[in-house]
Structures are given as C-alpha cells and as structure tokens.
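Let chain A serve as the given structure and place chain B on it in line with the hints.
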Amino acid sequence: MDAAVVQTVRAPSAYLLHLADNALVLGQRNAQWCGHGPILEEDLAQANISLDLIGQARLLYALVASRAGDGSTEDDYAYFRDATAFGNYTLLELPQYGPLVGHAHADMDYAITITRNFLYSALMAPLWQQLAQCADADLAAIAAKSLKETTYHLRHSRDWLVKLGDGTETSHARMQAALNHLWPYTREFWTETALEQQLQAAGVSLNWHDLAEDFQALVDEGLAQSTLRLPVQEPGYTSQGKQGIHSEHLTYLLTDLQSVARAHPGAQW
Amino acid sequence: MSIADIRMSPAEAALHSSAAGASEGVSAGAGGSDEMRARIWTLLEQVSDPEIPVISLLDLGVVRELRWSGATWQVVITPTYSGCPAMTQMADDIVAVLAGAHLPVEVLTQLAPAWSTDWISPQGRQKLHAYGIAPPAALPAQPAGARVLRFMPRQEAAPAVACPRCGSQETVETSHFGSTACKALYRCLSCREPFDYFKPY
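Protein chains in written order, with the working numbering: chain A, 1 to 269; chain B, 1001 to 1201.
Errors might be hidden in some of the hints.
[Unchecked claim] For the chain A half of the interface with chain B, some residues (derived, Cβ under 10 angstroms), not all of them:
1. GLY27
2. SER146
3. TYR152
In case anyone wonders, no lab produced these hints; they're calculated from the structure. By construction, the Cβ of each residue, glycine as well, lies at the ideal position given by its N, Cα and C atoms.
If we strip away everything but chain A, and leave its shape as in the complex, we get (with noise of 0.2 angstroms):
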C-alpha cells in the first residue's frame, strides 16, 4: 500500500502549538464560569464550550507529541511548558473582568466572555474551513471535526451578542465597552510572523485575504443585529501573544492549570 507517501506536508509544531494553545487557554478561561455563570443554562454552555476546546487542543498536543517521536505526550506540552513558550494570542488570555466591573480576580462580566467567544469563533470557523482542506491530512482531520464545533460556538456567542448588544441600555452598554476593550486585541490575527512564514514554507498555504474578509463579514454581520460599533481603530500597540510575548494574566491561568500536575510529576490516578 502507498501508505507511506500520503504524509508529507507537515505543518510546523511551532503552528500546531499556537492552535492547541489557542484553544487551551481560551478552554481554561471559560471554565472559570463553571458553578458561576450568570444563570445555569449559560453555566452549562460555557462548560460544554470549554470542553469542546480542551478536546482539539489534546488532539494537536497529541499530534505534535507524536511526531516529535521523543517519548513526550500531550501532557507535557500542556502542563510543563512556561508562559513564554505558549503560542496563543493575547485576547484569549485576558481575564474575565472587563473595564466596567472591578478589577479583583473573583470579578467576572459576561459581556467580555461573550464577545471574545464571538470574536475568537468568527477567527476560527473559516480558518477551520481553510484547514480542513490543507495538504497536511492529520491537521485537515482535526479541522474538520473543530470546525463543526466552533461553527456551534459562533452561533451561541453570537445569539448571546444580539440579545445583549441589542437589549436594555445596561447590557448595551456593557457589551459596547467589552468590544471597544477587546477589538484591538484583534490586530493581533493579521501581523505577519515567522510562524505564518514557517507555514506557508512547510506546504500549508492559507489564503489571509479570505480568511480576514470572511472574519471581517461574520463580525459586522453579527455587530449591525446586535446595534453595536466596532470602535475606531488607533494605532497603537498590537499584542504578540503568538510569539510568547504575553500579558501578566497567562502566567496566573497557567499557574492554576498546571499546579496538580507540576506538584505531581508523573502520577497516575
């Protein structure tokens, strides 16, 4: 059988890692609703959300374990990496209180998490897409089986999004702030780094015009029934979560994560 010739594009690890990350932390953030959430059905979504991201980010912490071939596994590029090794974007990482609540850890607006959802989702669903039919067969898999799952999230944050955005003058008000705080972590997406270079180089080619037209589209879409703004964007400093350089939150997230694990290298239960 020609079983041996149908793998040859590989993505990157450094790109697997920075997908996985994404999801992990995003995962990892949500999960802070849990025996919290406003009420219990949204309680629930947001456990079934970050369940849905733990589990694509075991696939590709799996997939790189296996192809580094040197014994590692998922756990270790979960648990025993530090901040500055994660790859995921800095939006992702901000913590759940936004600029109208307070600023202690226990602090939470679910109008933060709902448009972060909502802006991370309509990232994900094309880049999904695009993925899905890449030249490297293991990655199309996992991103086939994400992209039916984000499209899920999509529709959820974006419900969520119109019947917040477009409902009493508080919750308008609250969701207009969570997206003026969080837009410009959005810049991030679209700066070119060696990691979208080593892509492209490795055979895996994306189309970033698409993909930021179809971003750009799913966002207005959802801002103009939700009668929100995107703020006016400035220049200033764009995040560079995808490189390791993150804010101080990722460091705190990672501790709470991997404190079990690190106090118990190597247990079984």
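Structure of chain B alone, referenced to chain A:
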C-alpha cells in the same frame, strides 16, 4: 500483559488514523473469518452509549470499521465531540465486552471523516425518540469547499423539532447546550414539557 495494555488512548490512536483508509483493502485477511466477524458485530450491539444507555454504539454510528490485523481485532471508532468524556468509556466498554469473550482486541480512534449525526441508524433514532430525546434533524447538504458564510445565513431557519412526548411541532429552544455535549434543551409549547434534543452535527 493484559489485553487492555495494548490499547492506545483515543488521542494517541488518532494520530495513526490518517493511514487507515489505505489499509481497508487488506482488512478481510486471513485469521478473521466472516463467521467470527459476524459474532463480534453481535457482541458490539450490546455495547451501549455510556450516557444514553438505550442506544448502542453501532446505532450511534461511532463504530466505523472492524479489522483483523493478523493478531488482534481492531475496532475503529470515531469521536463524537473532541472533548466528549464518554469516548474513553466507550473504548473501555468495547474492550471489556470483547475481552470477556476471549477475543484479542484493540480500539483505534479515527478522526476523518468526522462523525456526523447523519450516521445514527434509523433504529437508533427510534430508540432516542422512545427514550424522550428528540432525534437530530438531517444536516443540510453543503457544497464542497463552500465558504463558511454561505452556511451561516443571516437568519438561520431553525428546523422544527417535534416533541418526543406529544409530537407537537410547536417547540422552542431554551438552551444551546444541555446535560451532555451532544444535546440541547427544548420546551414543548403544546404539552409544556421540557425535553432534550440531540443536536444535528
């Protein structure tokens, strides 16, 4: 070495899946007789979904293939949702049933093609309905390579979901997510009962 030791975790096994399609042609090989194969299918019919016990893994469309590797029976399953915690339980249950019948078995996970609710068998759909879970609507056909925007229309026409108790089409979605990854919550406006809906996926 126990039989369970040779089983890979679903995430590990998923990585070996891409070559699976290529080996389909040789699966009917020597040691696995058709008689044995039929017996194993019968055994697999007894393995039910850990979270929806009325439906078997075969009805659910999770078991994709049964192969004889020359030394073991390989049961190829495909995950429903990436993070569904029931997947490892399903693999364990398959191993337990076949190992109980003294058959060498390993469970492999295959990601592509991705599982779809369209793979739930007609009997499976009936069993779900009888259990009080509305079976999923058929997925709309998607042209290959379509851009995502085309299947995310501005106003999604939600399919009418019939109440599994009274059959009324007057139902509303109360929550996108329910008690398990595969379900959403609905409420019937005629009989006023809440019910689970198996999400089309």
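Quick rundown of the hints versus the structure:
no., hint, verdict
1, GLY27, "holds (8 angstroms)"
2, SER146, "holds (7 angstroms)"
3, TYR152, "holds (7 angstroms)"
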